[in-house]
Amino acid sequence: MSTDRGFPASTRRAFFDRLGTGLSGIALASLLAEDGVAAEKRDPLAPRPPHHAPKAKSVIWLFMEGGPSHIDLFDPKPRLNELHGQPMPASFGKVITAMGTANNAIMGSPRTWKQYGQGGLWVSDWYPHIAGHMDDIAVLRSAWANGLNHVGSVCQMNTGDILAGRPSLGAWLTYGLGSANRDLPTFVVLTDDKEVFGGSKNWSAGFLPASYQGEQFRTGNSPILHLKSPEGVTAERQRGKLDFLKELNERWSAGKQEDSDLDARVASYELAYKMQAAAPDAVDLTRESDATRSLYGMDEEATAVFGRNCLLARRLVERGVRFVELYCGSGSGWDAHSNIEANHGKWCRASDKPIAGLLTDLKARGLLHDTLVVWGGEFGRTPFNEKGNGRDHNPWGFSMWFAGGGVKGGQAIGSTDEIGLRAADRPAHVHDIHASIMHLMGLDHLKLTYLHNGRAERATMTGGELVKEIWS
Amino acid sequence: MRLNCVVPWSAGILLSTCLLVWAEDASKPFTQAQKGWWAFQKPARPAVPAVKNTAWARTPVDAFLLAKLEERGIRPNPPADKVTLIRRAYLVLTGMPPEPDRVQAFLADESPRAFEKVVDELLASPHYGERWARHWLDLARYADSEGFKADETRPNAWRYRDYVIRAFNSDKPYTRFIEEQIAGGELFPDDPEALAASGFNRNFPDESNQANIMLRRQELLNDITDTTGAVFMGLTYGCARCHDHKYDPILHADYYRLQAFFANVKIDDGLQLESPERRAAFREQEQRWLNETASVRGEIAALLEPRQKARYKERLERFPEEIQQVLTMKPELRSPYQWQMYYKSLPQVTFTEAEVAALLKGVEKTRYKDLRGELARFDGLKPEPLAVAQGLVDAPSPAPATHILNGGAYNAPKAMVQPGFLTILDPEPAVIAPAPDGSSAGRRAALARWLARPDNPLTARVMANRIWHYQFGRGIAATPSDFGMMGERPVNKELLDYLAVRFVELGWSVKKLNREIMLSSAWQQSAAWRPEAGEADPGNRLTWRYPRHRLEGEAIRDSMLSVSGALNAGMYGPGVFPALPPGLETRGGWKENEDPAGANRRSIYIFVRRNTRYPMLQAFDMPDTHETCARRNVTVSSTQALEMLNSEVVMGWARQLAGRVRNDAGLDARGQVERAWRLVYQRPPEEAETAGALAFLERQTAAAGSFDAAFTDFCHMLINSNEFVYVN
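Protein sequence lines correspond, in order, to chains A and B.
When you line the first sequence up against this note's numbering, it's residues 1 to 472, in that order.
When you line the second sequence up against this note's numbering, it's residues 1 to 728, in that order.
So that you can see chain B by itself, here it is in the shape it has in the complex:
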């Protein structure tokens, strides 16, 4: 419960912002190289090239790849064997390997559509959304906490995470996905999904107690600008914060033109997700509770008021004078900029009842406790809380002016700019159409619509390349959020253009594009190395083999849960808190005991505390959540080895896997080895492998004291092995 803040009114003096309005620079001429830059040309559907090896080139994707390979005289790899293929499909689409039964059924299915069926089945699996949402959450710098010192919990941030999972599972068209995330509440005010989607740009790290509100607002806008530019346009807008981009045609002014689309936003952490009926019922029930408790609440309020006022005064006086004025002046005198300062500073002088009550001492404290006890008697009358999301909305106040900032400094404004797109694509200010009823300023809506246009040269290309990146572990352009001159050029621009055009043709369906890619010979090649091809293209840039790559930490953990049978497949809901390793503490808390069953949920549901990422995931390169991440690092470290080797959690899964194997396979050691192999690697062991495993079990029984312990060690090492953690 929040207490209403008592705002003393005083005649405020208008903040003298002294903003000089200069004439905007005459538009700078772009170089020919900039104007002709590939990423700024609208993709046209390239003709499918003729190739020699027509048997291999089953799909246009293959033809585009093969044309480049044939130019260089490189043959692509033969298809991967069926076990490798189904395992790869499962890991890429769901992040967990298939069960042995499913593998057997696939092996037995000799129809030409056998693999297609697997792909369709996986795209329809709810685990697909969990896997692909995790990719998007990297881009969205998603976390469940604020960051900085206090790193407070964002209690409803997970609504955005769930939205993303549902969006991938329902195959929401990508354009709609963009529109909802950029301008959810503006474009679709009655759609709770769209409200939750606006959490995308609410995911910034924030310092709740920052005294310099002017600086803080600028930093949040910078975060939004950088992220929006990188994620949807694949451009490093951030480089133009202080000056014109050194390489790409992104003007200093363009940075603030993009930022201006967000100049009027405000945080809303109470976005209503429930139906109007449910809300009405809530209010009705709440009114009953309010009526019954009026007198006791009145007493509590009276008891707290002096403390509350004192605390208000103390916190108010910490602010510099101009912010104190903003908080205390008459609302009608506030300038748009002052309104922005007001929204940002108000929470710092607004306290929860618990915060104020904590200041009580002695008799007052006792009295408060008694009153709370009395109030608690009416808890049965209280309605279930309404579901809310945390996101961005248009502030009711007009947008303050946006200025180009000298050196990016919030207090060094130069020329004023209007919302606009990249000057090289469209030098005019964007056409902004506010809603007649004042409910929407039209700014973010204009940006969202521009991004979602089929003729936008960047949008489809950037996303098609991301999809390829997540399918192969590397994009056609290897820097998926940098299509500029410092990024890696696409190794096969025709292929990327084809996929971009195709993506639009397929109704911006991520599932359909995934499907087309996976049904190509290119995707189904084996990962084997061939010396003669390796000599011609050692980096496999032209994709003559499927690139073997290590799984992400989340997929490794989920796979361990899955093969051991420990997985709790429950979906959605607030973040879960698997136990932290002993000796690790975290500010902001880690509620291990809240839901022990949650410890074995999929990794995407693990609470993301910015200052303490879950150690196992952190060790395996989970991005740090302070900025958007398009491409994870893949490191190999002894920290990972210690985690996999010595953590009680992993050891526990090994024990569960051992139990599962022995339940399935009975008492024969040879049968147990085979079953373990099939569960972990989806294939039977070769004779030499069986012999090696049996010899180990014998040796280890002596070292570990029992066959049981040795068998656990055996299972433990299987899930530590390369074969288990690689997509082959």
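Extracted from the complex, chain A is given alone in its bound form:
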């Protein structure tokens, strides 16, 4: 039981109560009280052992917000082109869509497709650079989710539920594993355009303690809110203040040793002070060579913004940050209800070279083997058209891919039906995907629990089956 560190004290007591042992109730109560205190007072970000040997130490999640079209990128459907212009055959079943487009005609994919690598995986001409890495990539073609709308679906891809309020996966991983670099946040979010739909709910700690929430890095050299000292406060002056604060706190805390929160507060100021130096250093890209910057596409306008974020992600995982989430097209950029050609053309171009550069760079630095890279949106897009040249939301079947961090590349997992509407073989729900990512990070999604409102909650709610094909 001692390895079950997420197992809450009260559950444990309920368990003992049910055991009905002959132990004296009072002795037991005191033993458990101690446990309870220890659990409450522990340093929330202290590193903690995983449940099993992890394959990955960090996750970089490339979140294509708005919903990229799987049937125009990684999941070619010849039948779609045959049915182009016709209504969807009734055999595919009825669906309710966000924009009421279910009766619209099928729209074929005008993309040209090629097979890449030893595995012969199909990639469309929208992703030529990523295509060069297919032997490191496992494409899951049978992902599915529950939400119809962006905000619920983005929320579910992050937290498991379409209703806001639950902890995001990054928060669960932080809760489970603690921090590997206390001078930086453990869970970092980067955006490239507008505000993400649903905002910080997506990287919230939900009902977990606030220490586990994601930190959205701002652009510029002061990525964290209030990272800089107030105007006119030099490093020396700041140090002087902190020393005085320490003196005040230590004097008041004398004789209060049992209250470890008091010391934790003192420590938090020292951490903040170190972060003031470490975080600007982590985001200082001037230390990167021109060749590296160019590898990420930072020298071209179309790819500069997302390229910068990809390079930042590498610098962060290099420094032990566990979970970096990069939104591409933040604020629902990929949401191609009309003119998918222009829309996806733009965002594919913005992300292709930077992502390929990231994979190349991670590999060259020996980081890819323990960095799990995840690509995907909150859903895919429909086989039928919207407004003639766009596609509506499709949560019933879409593609995601995984690279590095123990992933067996060069393979496609699962499939959608003939027109890419629904997951067919080996459907993998968001909870299954979360469970699998946790597994690669060394956590058992069934064991990592947190007692909330009387329930031992877990990241995968009541679901979650491992998609073992990803690594085996």
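These are computed hints drawn from the structure, not numbers from a lab.
Heads up, some of the hints might be wrong.
[Said to hold, decoys possible] Taking lysine-lysine pairs in the DSBU-like style, the calculated list, with each CA pair at most 35 Å apart, reads:
| # | chain 1 | residue 1 | chain 2 | residue 2 |
| --- | --- | --- | --- | --- |
| 1 | B | K313 | B | K344 |
| 2 | A | K256 | B | K512 |
| 3 | B | K266 | A | K94 |
| 4 | A | K256 | B | K52 |
| 5 | B | K512 | B | K82 |
[To be verified] Each pair of labels, with its calculated beta carbon distance range:
| # | chain 1 | residue 1 | chain 2 | residue 2 | range |
| --- | --- | --- | --- | --- | --- |
| 6 | B | E121 | A | D284 | 53 to 61 Å |
| 7 | B | S125 | A | K246 | 29 to 37 Å |
| 8 | A | D43 | B | P427 | 47 to 55 Å |
| 9 | A | D299 | B | A412 | 52 to 60 Å |
| 10 | B | R113 | A | Q257 | 30 to 38 Å |
| 11 | A | K246 | B | E99 | 26 to 34 Å |
| 12 | A | T219 | B | A358 | 25 to 33 Å |
Glycine residues also receive a C-beta, built at the ideal position from the N, C-alpha and C atoms.
Based on the hints, put chain B in the right spot on chain A.
Below, chain B alone, put in the same frame as chain A:
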């Protein structure tokens, strides 16, 4: 101004809901453990136990606590010193520390009633309601916005917040407080307070543009069911949404029996709070304006009509067929369920004039602008808008059937259920008495009355425990919204039962119960650690000392405002928007410039945007407002440290505090240090502290370039220190 929506009538086909009505499960036998569960037994007043240390046991509360302590051979702590005591009382009751004068007067008052006077004074302070309302707003998942993507403002949600503040300040009996929040308009239709109170269950997060209305309605009902069960009954009803509760005797059917009390509700965001006279005067004045502006408004309407119709058609067609039918069918053909779909979908096909006008182009746009200009000439005739609240009312249509839902899925109905309470307490359907005039369906009223019954085993216990929780930072049962088997059992059930019975005897008065608790030796103990007691009870579960705990973010901010003299003590009204830190943006807007004086109002008045909580409060564990919160997390993080250390706002208060100190104390540095200590910590500094402070000021004057800057730094660190942010 809202345009009337043009609803084309078409012969609708009745929605075929295909609901199978199954026989309800034969009532499941409960286990002995479930039947005997402490929380389901009506609390009886326990005999006050005999204790050895009769001098310490001044009140029954003390006797109950001491009996347990003596059983274990633990002595309770001696009383806290007077400064600690008055500071604790101020922080617990008002969320801000006392002014030095008040502390001095208390120290000088040697009468045995000195502390009692402080407590009475604080209970009478309007700041008490502001402090305790904040606790309740956590439970009520209160926010000023909808949540989800758009996170639109709820312009009158604050009426509910103000209601809660007034309810605590006027010491409204808790039963009445429950009745108003559950069934305000039903039970007290003419009482504007009760109408505002119905905002309690209007506080759900909502997605205004959700296309799947059936799903959305179910989610809102789930929110209401979970919240009502947790807040008033202390039960995790939510666990029974998909199946029988795994531990507690809450049947799957019980979840929907509770939900059925709300099956007929509808949102009303225009609940009238004004007197009939004022409303009549409004209508009269409005009629004048309408008469004068008839022709120009007619022109505007004609100009907008085609756009409005087109927009209506576009939005209508986004809905699945069954919802399109609901919107377009003849009203008399709508089933009760279809009426519910109608209420929920109508706002999505109803547009404000501004929304429609935004679609105009070219000449039309210019023409519209001109017409609006003409209309504006009559603005002087317009009456002041009427005060309205946002809440829930009974829909005029009958309640649709409530079904047990398989796996909680809205489209998987099983057996039909009637409104009812927990089967283990009362297996029969609730007795519902609709008002003869049809004004009230009687459903929520029945629930409210049942909750407010003095013999309800849960109601008084749950609230008495909450009060203890807010007094000590931890409840007698440590999970205040979970009295079930997965929750923490009360460490002292007799004490909890006594408080519950006493609460009822005191007329459900929260103030009186607060007072009794605070006048006990138990509450007035020092927080000091004693090794021998700590060895016997390291977690202080038996309360042998007062549990030291950190203040909530709101109280920390309010205390900084108060000691610096920056506080704007204005009460009530729409939410305020203190500036967000640079680089933070929010969808839905943040009106920083609207009222700069509002920036220094108490934290309870800060606008609560679900997707962007005010960062300082968020950093200090403000709950996330998407569900009820009975017990806040207390985390320590470097985010908090950065906020307190580097934010210009906190630095600004430090500057103000420095100015205040120097105004009060004159030019002598030693006197300034002492004054600062008294303002921030309510006590004089010890000699070593003064020496440390003076040495710092000297060092820092060199580092910061001036004594002024150094003195600001000094004040800044005082309000960052542990002593300032802890209730000791």
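Verification of the supplied hints:
1. Note on B/K313 and B/K344: the hinted pairing holds, with a Cα-Cα distance of about 17 Å set against a maximum of 35 Å.
2. Taking the CA atoms of A/K256 and B/K512, the gap is near 33 Å; set against the 35 Å cutoff, the hint holds.
3. Taking the CA atoms of B/K266 and A/K94, the gap is near 30 Å; set against the 35 Å cutoff, the hint holds.
4. Between A/K256 and B/K52 the CA atoms are separated by roughly 29 Å; this keeps the pair inside 35 Å, and the hint holds.
5. Taking the CA atoms of B/K512 and B/K82, the gap is near 22 Å; set against the 35 Å cutoff, the hint holds.
6. One distance hint, 53 to 61 Å for the beta-carbon pair B/E121 and A/D284, holds here, with the actual separation near 56 Å.
7. Taking 29 to 37 Å as the suggested C-beta distance range, the pair B/S125 and A/K246 conforms, at roughly 35 Å.
8. In this structure, A/D43 and B/P427 meet the distance hint of 47 to 55 Å, their C-beta atoms being roughly 49 Å apart.
9. For the pair A/D299 and B/A412, the supplied restraint of 52 to 60 Å holds, since their beta-carbon distance comes to about 55 Å.
10. For the hinted restraint 30 to 38 Å between B/R113 and A/Q257, the CB-CB distance of approximately 37 Å keeps it satisfied.
11. Taking 26 to 34 Å as the suggested C-beta distance range, the pair A/K246 and B/E99 conforms, at roughly 28 Å.
12. For A/T219 paired with B/A358, a C-beta distance near 31 Å keeps the hint of 25 to 33 Å intact.
Violated hints: none; the structure is consistent with every hint.
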